[in-house]
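Please construct the entire structure, taking both the sequences and the accompanying hints into account.
Number of protein chains: 2
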Amino acid sequence: MVSVKPASGEDSLIARYFRPLATDPGSFHLDDDAAALRSWGDDIVVTTDAIVEGVHFLPDDPPDTVARKALRVNLSDLAAKGAKPAGFVLTLALRSADDAWLKPFAAALGDDAGQFACPLLGGDTVSTPGPLMVSVTAFGRVPPGKMIHRSGASPGDRVMVTGTIGDAALGLAILHGGKVHAAASDKAAREALVGRYRIPQPRVALAEIVRDHASAAMDVSDGLAGDLTKLCGVSGVSAVIDLESIPLSGAAQDLVSRGIVGLETLIAGGDDYEILCTIPEDRVEAFAQAATRVGVTVSSIGTVIAGSAVPKFIDGQGKEITLERRSYSHF
Amino acid sequence: MVSVKPASGEDSLIARYFRPLATDPGSFHLDDDAAALRSWGDDIVVTTDAIVEGVHFLPDDPPDTVARKALRVNLSDLAAKGAKPAGFVLTLALRSADDAWLKPFAAALGDDAGQFACPLLGGDTVSTPGPLMVSVTAFGRVPPGKMIHRSGASPGDRVMVTGTIGDAALGLAILHGGKVHAAASDKAAREALVGRYRIPQPRVALAEIVRDHASAAMDVSDGLAGDLTKLCGVSGVSAVIDLESIPLSGAAQDLVSRGIVGLETLIAGGDDYEILCTIPEDRVEAFAQAATRVGVTVSSIGTVIAGSAVPKFIDGQGKEITLERRSYSHF
Chain A
92 MVSVKPASGE
102 DSLIARYFRP
112 LATDPGSFHL
122 DDDAAALRSW
132 GDDIVVTTDA
142 IVEGVHFLPD
152 DPPDTVARKA
162 LRVNLSDLAA
172 KGAKPAGFVL
182 TLALRSADDA
192 WLKPFAAALG
202 DDAGQFACPL
212 LGGDTVSTPG
222 PLMVSVTAFG
232 RVPPGKMIHR
242 SGASPGDRVM
252 VTGTIGDAAL
262 GLAILHGGKV
272 HAAASDKAAR
282 EALVGRYRIP
292 QPRVALAEIV
302 RDHASAAMDV
312 SDGLAGDLTK
322 LCGVSGVSAV
332 IDLESIPLSG
342 AAQDLVSRGI
352 VGLETLIAGG
362 DDYEILCTIP
372 EDRVEAFAQA
382 ATRVGVTVSS
392 IGTVIAGSAV
402 PKFIDGQGKE
412 ITLERRSYSH
422 F
Chain B
92 MVSVKPASGE
102 DSLIARYFRP
112 LATDPGSFHL
122 DDDAAALRSW
132 GDDIVVTTDA
142 IVEGVHFLPD
152 DPPDTVARKA
162 LRVNLSDLAA
172 KGAKPAGFVL
182 TLALRSADDA
192 WLKPFAAALG
202 DDAGQFACPL
212 LGGDTVSTPG
222 PLMVSVTAFG
232 RVPPGKMIHR
242 SGASPGDRVM
252 VTGTIGDAAL
262 GLAILHGGKV
272 HAAASDKAAR
282 EALVGRYRIP
292 QPRVALAEIV
302 RDHASAAMDV
312 SDGLAGDLTK
322 LCGVSGVSAV
332 IDLESIPLSG
342 AAQDLVSRGI
352 VGLETLIAGG
362 DDYEILCTIP
372 EDRVEAFAQA
382 ATRVGVTVSS
392 IGTVIAGSAV
402 PKFIDGQGKE
412 ITLERRSYSH
422 F
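Each protein sequence line maps, in turn, to chains A and B.
Our numbering puts the first residue of the first sequence at 92, with every later residue one more than the last.
Our numbering puts the first residue of the second sequence at 92, with every later residue one more than the last.
One or more of the hints may lead you astray.
Copies of the same chain are indistinguishable here, so a pair counts whether it falls within one copy or spans any two.
Stated by the list, open to error - Heads up, simulated EDC-like pairs for lysine to aspartate or glutamate below, C-alpha to C-alpha not over 20 Å straight-line:
id, residue 1, residue 2
1, 237, 122
2, 410, 355
3, 237, 115
4, 194, 151
5, 278, 152
6, 410, 190
7, 175, 202
8, 175, 303
9, 270, 345
These aren't lab readings, by the way, just hints derived from the structure by calculation.
Note that the structure is a prediction, hence the values are computed from the model and not measured.
And the structure:
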């Protein structure tokens, strides 16, 4: 755990950059070997996601965006599980203690921790000769037994998704240059897509609404098609998705309609960090209204059906399309 | 969080090696985005420590020892805080999904998880072009407000330590070859010291006893001298340590008496994973007896005194020795 060694680079680094973020009494000012999380009788929902330079973020991504992404991908998981953020611990593997990188990284992390009421509780800072790695374990609260699972979807439930799908995949394509970069000639549109890749918008505001209404939920991190396939697999159901109902941003819609990218690229891409959930038919209206009240757009994209087949994706002509690739895998 | 993607290398890896370890109901068979830790009203003590290839373990360390070390360094923190293990999450950064490495790694991790009643709750597996990294966040339970801190030591308290100090530092020196390797001519002694470096013995059995008796505690991971300095710093006290009282193994004693290594190397070395604690004078006997009952040796090595000076180390002639280096720092 983080620790205070007099006259040590590691500790002065922690004192300078991370102690100001440790505002929760259970973090003990990062002066101890561990943090203490008061449970108040709740279940503690635990999620952990790491991001690696060159894999999940690019070497020249600004440090503030790396910090926000590291925390937000975890906040996205908590929200999809119906959990309210309670805090997080951070493991940082660094090649060197570079102030020019650490200062904006810590400032942005603190800013997000405040914005999402998810304080830094502790961490570990280690040196590595390899790529930068930021690993976050985040904690949330739900009343006992009330976490929302991937299992739980039933035939007849509506498949719903927040926000828009595919923007982050397009943002990454733009950063890689090539045809998407060339085609997305509008600078503002390009920046918006890159922003979706670099800084996810976790649907924290929707956590309690998901808990109140969803039969199953997960966040979309590895591609809508693959993630829905997982949710259906664990729930023991299948689904039929209407491709034309999948919500796209104006920029994405433009690139699709001009034939620059296929819809398939968008739904098999990653990094959306939207919430995919199944809502019993009689709750769809209440769910949509509650989401609107907290400013989150939700779209109905299909229906859960019985069976164990992988979900079907139906185009505007009522024809099933075959997906070559459904999601991103590390190995 | 770990996830199940059909036909993905990452998921078949998780299914094959890690699902068998997810025995706790709150892990949901690693089929979900998060785990749920039932609190039963306890405080959840959270600690996180990462180990990096080439920094905390050597590239040719056997995978089973890497697994055990990754978990045990965290169990050691929990024990020092008076917390009973409740579970852990694992982040694994791998260059490739190498079965010959993963199989013994997962088997040993499962074995330790069972032995210490600390089940795998979830994790994340990512690819990295760099060194292997294993990051564990472990959870323990204490009754509300009962975590033992680094702060809390008072003048007059006895400074006590479990086990023996310096063996792991000697084990590392042996692995590096050189004079310690040459001097430790007895193969069994060499293997015992290397074993102390590779596989710490976390004092989990002592957790509740520490909670019942200690005014302050931490585990010794970066060198006894430096770690005591930290504990005193946070407690706002100083200490006087009798160098001859510091418990050494037979092998370490032999190397010191032959002049191969100085005592200073042993108390500024790292990786002991013993518990350093301060015990009020009127509890020392009860503490020692309780420790004996669970099979853990404890030694009194000095006394807490008032003041803000760094702790003094006094040799057999009553002379204070000056330490060039008190602990290990990453930066």
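Hints, verified against the model:
Only between protomers do residue 237 and residue 122 lie at most 20 Å apart by alpha-carbon distance; the minimum there is 17 Å, versus 34 Å within a single protomer. With identical chains, the CA atoms of residue 410 and residue 355 are at most 20 Å apart within one copy only, with a shortest distance of 14 Å there and 76 Å across copies. In this assembly of identical chains, the alpha carbons of residue 237 and residue 115 lie at most 20 Å apart only when taken from different copies (17 Å versus 25 Å within one copy). Proximity of residue 194 and residue 151 under a CA criterion of 20 Å is satisfied intra-copy only: 16 Å inside one chain copy versus 36 Å between copies.
Within a single copy, residue 278 and residue 152 get their C-alpha atoms as close as 18 Å, which meets the 20 Å cut-off; across copies the closest is 51 Å, which misses it. In this assembly of identical chains, the alpha carbons of residue 410 and residue 190 never lie at most 20 Å apart, being 55 Å within a copy and 41 Å across copies at closest. Taking identical chains as interchangeable, the C-alpha atoms of residue 175 and residue 202 lie at most 20 Å apart only when both belong to the same chain, with a minimum of 18 Å there against 34 Å between chains. For the homomeric pair residue 175 and residue 303, the shortest alpha-carbon distance inside one copy (13 Å) is at most 20 Å, but the shortest distance between copies (33 Å) is not.
Proximity of residue 270 and residue 345 under a CA criterion of 20 Å is satisfied intra-copy only: 14 Å inside one chain copy versus 70 Å between copies.
Checked against the numbered hints given earlier, this structure breaks only hint 6.
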